[in-house]
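Those letters in the sequence shown? Residues 8 to 424, per the numbering used here, in order.
Note that these hints are calculated values from the structure, not bench results. Backbone N, C-alpha and C fix where the C-beta goes; we use that ideal spot for every residue, glycine too. Do not rely on the hints blindly, as some may be mistaken.
[To be verified] As a list, the in silico DSBU-like pairs of lysine-lysine whose alpha-carbon atoms are at most 35 Å apart:
(1) K415 x K232
(2) K232 x K298
(3) K264 x K52
(4) K237 x K85
(5) K237 x K224
(6) K298 x K387
(7) K237 x K52
(8) K52 x K300
(9) K300 x K224
(10) K237 x K300
(11) K387 x K224
(12) K232 x K300
(13) K415 x K264
(14) K85 x K264
(15) K232 x K85
(16) K298 x K415
(17) K387 x K300
[To be verified] The calculated label-pair distances, taken between Cβ atoms and stated as ranges, are:
(18) K52 x L376: 20 to 26 Å
(19) V314 x L241: 17 to 23 Å
(20) Y54 x D355: 39 to 45 Å
(21) Y263 x C92: 38 to 44 Å
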Amino acid sequence: MKGLTSIFRNANYRNLFFASFASQLGTVTSTTAFTFYLLDQYGSKPYYATIVQMMYTLPSLFVFFIVGVWADNLNRQKTTVYSDCLNACFCVLLMIAALFNQVYVIFPLLFMITAASKFFVPAQFGLIQGILSQEEYAVAGGFNQMLTSIFLLFGTALGAFFYWQLGISGAIMINCFSFLISAFLIFQCSFNSETILPQGNRNFIDLKITSIFSEFKRGIFYSLKHRILKYLMLGTFILGFVNGGLSIMPIYLLKYKLASGYYQQAASLSGIVFGAGILTGSFVASLLVTKIKLYQLMIFGFLIASVFISSEFFVEDVPTFLVFYFLTAFSIPIVGVPFYGWLPQIVDSRFMGRVQALLDPIGNLAQTLLFVILAFTFPKDVSVEMPFLWFGGCLLVVGILYMIVLPKAQEETIPKP
Numbered sequence: 008m009k010g011l012t013s014i015f016r017n018a019n020y021r022n023l024f025f026a027s028f029a030s031q032l033g034t035v036t037s038t039t040a041f042t043f044y045l046l047d048q049y050g051s052k053p054y055y056a057t058i059v060q061m062m063y064t065l066p067s068l069f070v071f072f073i074v075g076v077w078a079d080n081l082n083r084q085k086t087t088v089y090s091d092c093l094n095a096c097f098c099v100l101l102m103i104a105a106l107f108n109q110v111y112v113i114f115p116l117l118f119m120i121t122a123a124s125k126f127f128v129p130a131q132f133g134l135i136q137g138i139l140s141q142e143e144y145a146v147a148g149g150f151n152q153m154l155t156s157i158f159l160l161f162g163t164a165l166g167a168f169f170y171w172q173l174g175i176s177g178a179i180m181i182n183c184f185s186f187l188i189s190a191f192l193i194f195q196c197s198f199n200s201e202t203i204l205p206q207g208n209r210n211f212i213d214l215k216i217t218s219i220f221s222e223f224k225r226g227i228f229y230s231l232k233h234r235i236l237k238y239l240m241l242g243t244f245i246l247g248f249v250n251g252g253l254s255i256m257p258i259y260l261l262k263y264k265l266a267s268g269y270y271q272q273a274a275s276l277s278g279i280v281f282g283a284g285i286l287t288g289s290f291v292a293s294l295l296v297t298k299i300k301l302y303q304l305m306i307f308g309f310l311i312a313s314v315f316i317s318s319e320f321f322v323e324d325v326p327t328f329l330v331f332y333f334l335t336a337f338s339i340p341i342v343g344v345p346f347y348g349w350l351p352q353i354v355d356s357r358f359m360g361r362v363q364a365l366l367d368p369i370g371n372l373a374q375t376l377l378f379v380i381l382a383f384t385f386p387k388d389v390s391v392e393m394p395f396l397w398f399g400g401c402l403l404v405v406g407i408l409y410m411i412v413l414p415k416a417q418e419e420t421i422p423k424p
């Protein structure tokens, strides 16, 4: 616990954390509201809610080759601030589209918001790497997940509350203000030049198309010759597949099987339960990272997650679902904390933006694949319970694979670019 409080005394880290917290809280609020909005307005077309989730994942497949290069070559602080401000403007347009029920305008606007957000994450990750020591990375990972899980505790409930009380426009306005708060907090940070500009003072004009692809190719080669990163990329793909399912299938399970008459209230309660599980798991993981090797903790997380999420296939009532939903959420930080604590330790800081930008579309590609499968098969060919067995099986396979390969690979040092 001493390590957790010490890094939070770092003013730059504190601002970055709360900026991310504000942005995520606003996003999860509006995402939940949009899901309810589409299910209410177009209940006979559940694929609309699936398309919304696709709008949150597809953009990374279009911008991933540039966002990492951008974060490694241009001003990281300005990148995060401009990303937030641009998204605030998109939210205003989104609110107007929602007022007039222009669903086919809503989809591309959600796409643009997500695309702009993709520039935020690699730049923010690079900033965090520049202000913490290697010993603090794993602790920060646990701290970040432990505190940001608070938005999961209240995000779904707040999304439902604002949707019921203020409508979809109110939820979007909350998201707009959250982006502005995030931009203000990051603007107040004071970083050294090496953290903001890891490659020296360059500007957008210096980034020609050929140089962008050249820099991105260097990042790919760096990742592919790094044995641990190759295995982590596989894990990222599987986690993306599972996370995509967890973003939509629990609501489907409640609406179409367990709580069809009161699924919104049940979804709000499940959001609180899920957040409590994440919070508890993050606290436990933050204590274990100093006592257990990171790869061992990650393997354990994959294995227990496979058991808990598969069990949701068999549930027949809401209370039982909530128990296993809590346990599933508890296991997520057991994987995530060591994963993101290990990453800065094994990646050269000059390549962090590109590595982070490469991992992101891998996970989103898996999410998009799942959403496409569900859009064409659910509920006609796939039952509402079946995907939970898919998710559990995928996690089990990765856990077993990591048990075999990571003990040897973890001795590898950072490769030279």
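Tested hints:
1. A threshold of 35 Å between alpha carbons decides the hint, and for K415 with K232 the separation of about 15 Å falls inside it, so the pair holds.
2. Of the pairs offered as hints, the one joining K232 and K298 holds, with about 29 Å between alpha carbons and a cut-off of 35 Å not exceeded.
3. A C-alpha spacing of about 17 Å is found between K264 and K52, which places the hinted pair at or below 35 Å, so the restraint holds.
4. Simply put, K237 and K85 have alpha-carbon atoms about 31 Å apart, close enough for the 35 Å limit, and the pair holds.
5. About 15 Å separates the Cα atoms of K237 and K224, which keeps this hinted pair within 35 Å; it holds.
6. For the hint pairing K298 with K387, the CA-to-CA distance comes to about 48 Å; that exceeds 35 Å, so the pair is violated.
7. The suggested pairing of K237 with K52 is violated, with an alpha-carbon distance near 39 Å, which exceeds 35 Å.
8. Annotation: proposed proximity of K52 to K300 is violated, straight-line Cα distance about 47 Å (limit 35 Å).
9. For the proposed pair K300 and K224, the alpha carbon gap of about 32 Å is at most 35 Å, so the pair holds.
10. Simply put, K237 and K300 have alpha-carbon atoms about 19 Å apart, close enough for the 35 Å limit, and the pair holds.
11. This hinted pair does not check out: K387 and K224 have alpha carbons roughly 42 Å apart, beyond 35 Å.
12. This hinted pair checks out: K232 and K300 have alpha carbons roughly 23 Å apart, not beyond 35 Å.
13. For the hint pairing K415 with K264, the CA-to-CA distance comes to about 45 Å; that exceeds 35 Å, so the pair is violated.
14. Between K85 and K264 the CA atoms are separated by roughly 47 Å; this puts the pair beyond 35 Å, and the hint is violated.
15. A threshold of 35 Å between alpha carbons decides the hint, and for K232 with K85 the separation of about 31 Å falls inside it, so the pair holds.
16. A threshold of 35 Å between alpha carbons decides the hint, and for K298 with K415 the separation of about 20 Å falls inside it, so the pair holds.
17. Proximity of K387 to K300 is assessed by CA-CA distance (about 45 Å); at most 35 Å being required, the pair is judged violated.
18. At about 21 Å, the CB distance of K52 to L376 agrees with the hint of 20 to 26 Å.
19. The hint said 17 to 23 Å for the Cβ distance between V314 and L241, and at roughly 20 Å that hint holds.
20. In this structure, Y54 and D355 meet the distance hint of 39 to 45 Å, their C-beta atoms being roughly 43 Å apart.
21. Between Y263 and C92 the beta carbon distance is about 40 Å. The supplied range of 38 to 44 Å therefore holds.
Hint compliance for this structure: hints 6, 7, 8, 11, 13, 14 and 17 are broken, all remaining hints hold.
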